[in-house]
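Residue numbers (my numbering), protein chains in the order written: chain A, 155 to 433; chain B, 521 to 700.
If you are wondering where the hints come from, they were derived from the structure by calculation, not from laboratory data. Check the hints yourself; a few may be wrong.
As the list claims (entries may be wrong) - A few chain B residues that don't get close to chain A, going by computed Cβ distances all over 12 angstroms:
| id | residue |
| --- | --- |
| 1 | I526 |
| 2 | L598 |
| 3 | A687 |
Unchecked claim - In silico PhoX-like links for lysine-lysine, alpha-carbon gap of 25 angstroms or less:
| id | chain 1 | residue 1 | chain 2 | residue 2 |
| --- | --- | --- | --- | --- |
| 4 | B | K593 | A | K302 |
| 5 | A | K216 | B | K593 |
| 6 | A | K216 | A | K324 |
| 7 | A | K404 | B | K593 |
| 8 | B | K593 | A | K338 |
Said to hold, decoys possible - Restraint ranges, calculated between C-beta atoms of paired labels, are given here:
| id | chain 1 | residue 1 | chain 2 | residue 2 | range |
| --- | --- | --- | --- | --- | --- |
| 9 | B | V607 | A | P278 | 40 to 48 angstroms |
| 10 | B | I533 | A | L231 | 36 to 44 angstroms |
| 11 | A | I173 | B | L676 | 53 to 61 angstroms |
| 12 | A | L408 | B | F655 | 18 to 26 angstroms |
| 13 | A | G183 | B | G651 | 25 to 33 angstroms |
| 14 | A | R233 | B | R621 | 51 to 59 angstroms |
| 15 | A | F207 | B | S691 | 31 to 39 angstroms |
| 16 | B | S652 | A | M203 | 56 to 64 angstroms |
| 17 | A | L231 | B | G614 | 55 to 63 angstroms |
Glycine included, each C-beta is placed from N, C-alpha and C at the ideal position.
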Amino acid sequence: MGEGGLEAHATTMNRTSVIALVIFVAVVGYLVSFNTDATRNLQAAVYQMLSPFLSTGSGLQKQITSVRTGLKSLEDLERENQGLRVENRALRATNQALRDVEHEVNRLRGALAYRERSAFKLVPAEVVTRDSSTWWRTVTINRGKDDKIEPDMPVVTDEGVIGKTTTVSKNISVVLLVSDENCKVAASVEGTREQGIVSGERVGGGMTPALNLNYLSKQANLQPGQKAVTSGVGGVFPVGLSVGTVRNFKVRELDGQAQLIPAVDLAKLEDVFVVTGRK
Amino acid sequence: MILFVILLVLVVIAQVVEFFIPPVAWMFNAHVYIVPVIVFYGAAALPFPLMLGLSFFAGFLLDILTVQVIGAKVEIALGWSILLYAVLAAIMHGLRPLFIRGRWEAHCILTGVCTSLILLAQYLMIAFRRGSLVFNREVWWQIGGPGLLAMLMAPLLFFILHFIGRATAYSYVVDRNRFE
Numbered sequence: 155m156g157e158g159g160l161e162a163h164a165t166t167m168n169r170t171s172v173i174a175l176v177i178f179v180a181v182v183g184y185l186v187s188f189n190t191d192a193t194r195n196l197q198a199a200v201y202q203m204l205s206p207f208l209s210t211g212s213g214l215q216k217q218i219t220s221v222r223t224g225l226k227s228l229e230d231l232e233r234e235n236q237g238l239r240v241e242n243r244a245l246r247a248t249n250q251a252l253r254d255v256e257h258e259v260n261r262l263r264g265a266l267a268y269r270e271r272s273a274f275k276l277v278p279a280e281v282v283t284r285d286s287s288t289w290w291r292t293v294t295i296n297r298g299k300d301d302k303i304e305p306d307m308p309v310v311t312d313e314g315v316i317g318k319t320t321t322v323s324k325n326i327s328v329v330l331l332v333s334d335e336n337c338k339v340a341a342s343v344e345g346t347r348e349q350g351i352v353s354g355e356r357v358g359g360g361m362t363p364a365l366n367l368n369y370l371s372k373q374a375n376l377q378p379g380q381k382a383v384t385s386g387v388g389g390v391f392p393v394g395l396s397v398g399t400v401r402n403f404k405v406r407e408l409d410g411q412a413q414l415i416p417a418v419d420l421a422k423l424e425d426v427f428v429v430t431g432r433k
Numbered sequence: 521m522i523l524f525v526i527l528l529v530l531v532v533i534a535q536v537v538e539f540f541i542p543p544v545a546w547m548f549n550a551h552v553y554i555v556p557v558i559v560f561y562g563a564a565a566l567p568f569p570l571m572l573g574l575s576f577f578a579g580f581l582l583d584i585l586t587v588q589v590i591g592a593k594v595e596i597a598l599g600w601s602i603l604l605y606a607v608l609a610a611i612m613h614g615l616r617p618l619f620i621r622g623r624w625e626a627h628c629i630l631t632g633v634c635t636s637l638i639l640l641a642q643y644l645m646i647a648f649r650r651g652s653l654v655f656n657r658e659v660w661w662q663i664g665g666p667g668l669l670a671m672l673m674a675p676l677l678f679f680i681l682h683f684i685g686r687a688t689a690y691s692y693v694v695d696r697n698r699f700e
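Starting from the given sequences, assemble the full structure and let the hints guide the process.
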């Protein structure tokens, strides 16, 4: 290419680049101006488009995990065997004591099935993906608008609260876990008049982080083992759902803070329920 | 152009795969990010307008799939990750002559650094929104860990992508003649 040709080509390239840059800036500017609803709708649409891939990926992941957990080393098997022997002896001992309880449980189970016992309408859902980003603790579940799920609905298991829905598309939803700093849950401590706000930590703890119950009175003096349940304040989480158990309590400059062990093991979430309303 | 389309498809696949890669426990649960490696390869291999297109697409996906809309607020507005990707990819693009000459070292190292910079920028935006800036060991690992992993992945992924580029008859040499 001659010198003149190169110059002409460079000018053309510059022009193309400038046009691309202008279009880029305009589109990004337009996206930045999106309000919350528009962002949520766009997010729901993209999740919906990707939902077949996410569901397939989830199925594959489960298969791979089951194969991997099935392959245990001899040492693991021996350790497991020893553990099972000890567990077996303990179970034999407790078995006798539980016979009376079993009779009562059978009687109650007949009368009260879980969903009937619950005061809420529950939509069962399966966890598709978990903890996909660094700064937010979320899972996605395989239920959405088609199942009458909306943003800000509580998500629970039979053990307690796990979080609330944020973005909801047709048949997939994002759940913000209770361990996220942004998921605030109003809670009270059983056996006391103490109320506070539970939230997670920004980083740390992996998938089984501690929760913080903030804004308690300095005189609360909570003891390890006391249970924290939702207080119903705020309108998202209904009253009486288990949030966690007190691990320790400390007095800060302005308030008291308790650290909680989550009621639900957030690392092992598989089947959850979305609370869609009261019965 | 074929390479550009392939990179777009790979970005989508990588983004979905990232959902299923568990965090690295011994790195304080640092996440594995594959998309930045693909984008920064594209930044070095593609011409400027296509580099912008790839950055736009990857940033858009990152924003839309990870950013949380909580109540009436969005912590990182849609578009910020696109800008981050574009700025960092432009830096990478500036070193394109080296890349075309087959000197990938700087690009592999920069891929790691830029991945961490994206996370650092996200963290600063979140910290600003939440009103407190906490920098402890775990935060540094969450920022630096993915960068380190991206840096380690980069040579292999670059090699594979380069192979794909060659297979699609993407002419790096012709590009060099155009730009130099």
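Taking 12 angstroms as the cut and beta carbons as the points, is L598(B) off the interface with chain A? L598(B) not clear of chain A: closest Cβ-Cβ about 5 angstroms, inside 12 angstroms.
Does K338(A) sit within 25 angstroms of K593(B), going by the straight-line distance between their CA atoms? Judged against 25 angstroms, a Cα distance of about 14 angstroms means the pair holds.
For the pair R233(A) and R621(B), does the Cβ-Cβ distance stay inside 51 to 59 angstroms? Given a distance of about 55 angstroms, which is inside 51 to 59 angstroms, the answer is holds.
Given a hint of 55 to 63 angstroms, does the C-beta separation of L231(A) and G614(B) actually sit inside it? For G614(B) against L231(A), whose Cβ atoms are near 56 angstroms apart, the range 55 to 63 angstroms holds.
The hint says 18 to 26 angstroms between L408(A) and F655(B); measuring C-beta to C-beta, is that right? 23 angstroms, holds
Take the C-beta atom of V607(B) and the C-beta atom of P278(A), compute their distance, and say whether it sits inside 40 to 48 angstroms. Taking Cβ atoms as reference, V607(B) and P278(A) lie about 45 angstroms apart, which means the hint holds.
Assertion that A687(B) lies outside the chain A interface [Cβ separation over 12 angstroms]: 25 angstroms, holds
Given as non-interface: I526(B), partner chain A, CB spacing beyond 12 angstroms: 17 angstroms, holds
Restraint status (C-alpha distance of K593(B) to K302(A) at most 25 angstroms): 23 angstroms, holds
Is K404(A) within 25 angstroms of K593(B), Cα to Cα? 31 angstroms, violated
Taking the beta carbons of I533(B) and L231(A), is their distance inside 36 to 44 angstroms? Between I533(B) and L231(A), where Cβ atoms are some 37 angstroms apart, the hint holds.
G183(A) and G651(B), beta-carbon distance inside 25 to 33 angstroms? At 27 angstroms between Cβs, range holds.
The structure shown violates the earlier hints numbered 2, 5, 7, 11 and 16.
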